Amino acid sequence: MSAEAPPPSVSSPPAAEVPPPVSNRRAQAVAFARAALAALLPRLRAAWSRRRVRVASAVLAVVALALAGTGWDFEPVPAGAAAPVVSKPASREASRLAAERERLQAALRRRVPRGPWIVIDQTHNRLRLMRGDETLLEAPCSAGSGMVLKEGAKGRVWVFDTPRGRFEVLSKTENPVWKKPDWAFVEEGEPIPKDPGDRIEYGSLGEYALYFGNGYMIHGTLYERLLGRPVSHGCIRLGREPLRSVYRSAPLGTPVYIY
Amino acid sequence: MRARLLSIALAAAAASAAAGPPPARSSDPAARALQREVAQMRRERELSAGKGFYLRLDAARQRLALMLQGVMLDDYGTSGLELGVPEVLFVDRRPRSDWDLESISMGSLEPERQRDRVEIIAPTPSSTEPAEGASPAPSPPPAPTPKSAEEAYSVPSPYRIVFGEGVSLEVRSRGEGRRNRTLLRRAVDAAGLRLSDLGSALGLGSQDRIRLRVTLEADDAASLYRSLPPDVGLIVAGLPPR
Numbered sequence: 001m002s003a004e005a006p007p008p009s010v011s012s013p014p015a016a017e018v019p020p021p022v023s024n025r026r027a028q029a030v031a032f033a034r035a036a037l038a039a040l041l042p043r044l045r046a047a048w049s050r051r052r053v054r055v056a057s058a059v060l061a062v063v064a065l066a067l068a069g070t071g072w073d074f075e076p077v078p079a080g081a082a083a084p085v086v087s088k089p090a091s092r093e094a095s096r097l098a099a100e101r102e103r104l105q106a107a108l109r110r111r112v113p114r115g116p117w118i119v120i121d122q123t124h125n126r127l128r129l130m131r132g133d134e135t136l137l138e139a140p141c142s143a144g145s146g147m148v149l150k151e152g153a154k155g156r157v158w159v160f161d162t163p164r165g166r167f168e169v170l171s172k173t174e175n176p177v178w179k180k181p182d183w184a185f186v187e188e189g190e191p192i193p194k195d196p197g198d199r200i201e202y203g204s205l206g207e208y209a210l211y212f213g214n215g216y217m218i219h220g221t222l223y224e225r226l227l228g229r230p231v232s233h234g235c236i237r238l239g240r241e242p243l244r245s246v247y248r249s250a251p252l253g254t255p256v257y258i259y
Numbered sequence: 001m002r003a004r005l006l007s008i009a010l011a012a013a014a015a016s017a018a019a020g021p022p023p024a025r026s027s028d029p030a031a032r033a034l035q036r037e038v039a040q041m042r043r044e045r046e047l048s049a050g051k052g053f054y055l056r057l058d059a060a061r062q063r064l065a066l067m068l069q070g071v072m073l074d075d076y077g078t079s080g081l082e083l084g085v086p087e088v089l090f091v092d093r094r095p096r097s098d099w100d101l102e103s104i105s106m107g108s109l110e111p112e113r114q115r116d117r118v119e120i121i122a123p124t125p126s127s128t129e130p131a132e133g134a135s136p137a138p139s140p141p142p143a144p145t146p147k148s149a150e151e152a153y154s155v156p157s158p159y160r161i162v163f164g165e166g167v168s169l170e171v172r173s174r175g176e177g178r179r180n181r182t183l184l185r186r187a188v189d190a191a192g193l194r195l196s197d198l199g200s201a202l203g204l205g206s207q208d209r210i211r212l213r214v215t216l217e218a219d220d221a222a223s224l225y226r227s228l229p230p231d232v233g234l235i236v237a238g239l240p241p242r
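Top line first, the protein sequences correspond to chains A and B.
Just so you know, we're using the working numbering here: the first sequence kicks off at 1 and counts up by one.
Just so you know, we're using the working numbering here: the second sequence kicks off at 1 and counts up by one.
Only chain B is shown next, with the shape it has when bound in the complex (with noise of 0.2 Å):
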């Protein structure tokens, strides 16, 4: 019985021991501070192990990239930097103050990027030569030439990066920049996102606990909205100590 217990208790220190240090709070502010970065540069080569796109947002540094194994592949700069917590009748929910060193993964657009794609049925194959003297057969008509990214998809502002894990990043865009938007379509989504505020302030539908809201010059807004791949990852830095 002895030996038994003695093996449950070695098995037990084996697995915590595999899992890592525990994250126990140092009483040394510096040792504190490094605690965190030394968590979130621990996750930032998780994810630059691993084969996903992830959006890195430097807070301290004003710059959000899109990074793939520790490559950072574009980047721009940000201003205006917000952190918003769901708020019911003035009273709002605060988040774990580590919530930034947990992994952010499943990241899609809201609204989401619609893609046309052009449908080609193909002409069936002539299988015999034409005969001599008939008229050859006409040959296909020329495939349409794909519209260009900024003719394919307008850009909604504000527009969201929303995660699985209850966070999101809501990216405004500064100034005028080729949106490709119609004055009709800018305010159905206005008035949608401020529908989708209330349904997740309330618990209703998406599970957002965290919102970090970024403005970014129009064109990089729209750049980063035509061309983010799915399924993105966040790893968000320089956050200031809580």
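Chain A with its partners taken away, still in its complex shape (with noise of 0.2 Å):
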């Protein structure tokens, strides 16, 4: 008889430490809020009238539905699916609208600069060199930070903001001369000289400069590791092979657009 009887556990750990199975944790968790209800619904019905609870319920009821019921209703739209393109007019009236299209698609065309363009996406910082619909070149370039300098005692500002909008090439440089503005002193703490040619700076605009007015221009930098980043003053900085290949061939006139 005792050679059946199962050896008692040796490595067995001490009882207290075996978490309870998980359906007594569920049972126990059924016990107390079966306990926790029998203690409030006594308490609700006090506190409420059935006519009450039925009313209340038909309110909640009706504002559920009407919140289900408002809003925004949508239907797909197919793709694809716009007006079958009319290639013979029947009636005069077709014809004549039929011939107007073909006007309005051609001046549309004729929107698109058919020589090169450029675009500048100044939030991300990429610079296109376009022509008709073909990318000829695309670099990250800089273009103006945001940054605002206030002047402490004379209480100037500026905004280093790139302007967006269409512009066009004014003039183009071959090694460019940077005339120092008011604020690139501000910003040095130095003084703002009275003979003008302490303003003059050179080299710091790189090879070449493509002006597009205002005093904003696409030129190069000392600062090629930021290129891709906001840095600049409002100018467009780009590197020195881009800048080259641009400056070859963006002819005066060349329409620079930036968003």
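Read the hints as simulated data drawn from the structure, not as lab findings.
Certain hints may be false.
Here chain B is said to cover these stretches of chain A; the calculated rule only asks that three of the stretch's residues, wherever they fall, bring their Cβ under 8 Å from a Cβ of chain B [stated by the list, open to error]:
#1 69–79
#2 92–104
#3 123–129
#4 135–147
#5 162–173
#6 186–192
#7 229–240
These numbers were taken from a predicted model, which means no experiment stands behind them.
Glycine residues also receive a C-beta, built at the ideal position from the N, C-alpha and C atoms.
With the hints in hand, could you dock these two chains into one complex?
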């Protein structure tokens, strides 16, 4: 008899450390919830008459239904579901409209520059040189930092933003010279020079500059490692090689689109 | 008296001629389709003659492009274009069938894109040369490197471009992308948009009549949110005839 009895388990942990089985815990939770409900329900019954509960439930249901039925109703628009292209207009009116459509299409096509054009995404600091629909070059650039510079005494304020819109290349220069404006001295904490000659700085704009109005230009930089970040004072800084290509490809009058 | 009446009639006729042909609907279905197309192209020509940026949503080709003066600056592929109308107690308010031929302008982002500008107070300039033997004046600390667009702006999903004429464009994103937005902020956005939906459907606050919903790749949606110029216009092309 004693040989058939199971041997006592030596390695089993003490009974107190065994977590209760999941079903046990669930049962405990259910029991707790039941006890709580049993305690709460008589109080709820006392506070609310049956009629009140019904009215409140009905109001809640109506509000829920109203909320479910209020908002925005969306319908999918199938792709390629536009009106069919009318190739041979049947009526005189349709012929007139077809002719006008051709004219308008041609007018819209003429909006795209025939020669090269430049697009600058100042948010992502990318410059593209285009010809028609073709991208000739894409390169990182640096647009305006958006910083605000305040001059303590005189209270002048400068905002270093790159303007948005359509511009044109108005002039081009090799080995441009920077005539430093007031903010360049204010930023450095230097006195503003009285002699205009003291404003001249060589080499900081790189090999080329393409002016597109109001003192803004596309030029080179000494800080190529910062290309791709908005660090300029409003001009567009470009790396040496892309700048060379843009300078050679973009004649005067080339449109520059900045967004 | 007769001459005066005649001059008034002539002036009225001249004014109506200057205003362009009346938008009478043709009985010929082909002509009707052309009429819509031509009206839309006229709108596009008007927009391309202006100085403002505009979005061109091509429903047939499923493209959303940022345009300026007829030139496409950026272009995104869309999927799942939907057209929504406000609904109150399961009754929706249908717009006029030619709403897409009207001018749609002054679009702005909702939630708004916040730009934190770094402000620098210029150091006082040293007007005199430092005395011999004295230590030179300390140079101003270097300006902090501004954040890139990805670091600066977190992108909600969905977001809306709300136009002045009661039209809005809801942009949803597909996939993860680099939105740079915390879970809590996304939950607050979602609750805010649901409340705004209820309000606009009930005619409180914003007066949205039409909502277009497009889905873009997450990176495209983020790129559009970060770079959308202020006060954009909208042209919707290629909607099926109604």
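Run the structure past the numbered hints and jot down the numbers of the failing ones, going up. As far as the earlier hints go, not one is violated by this structure.
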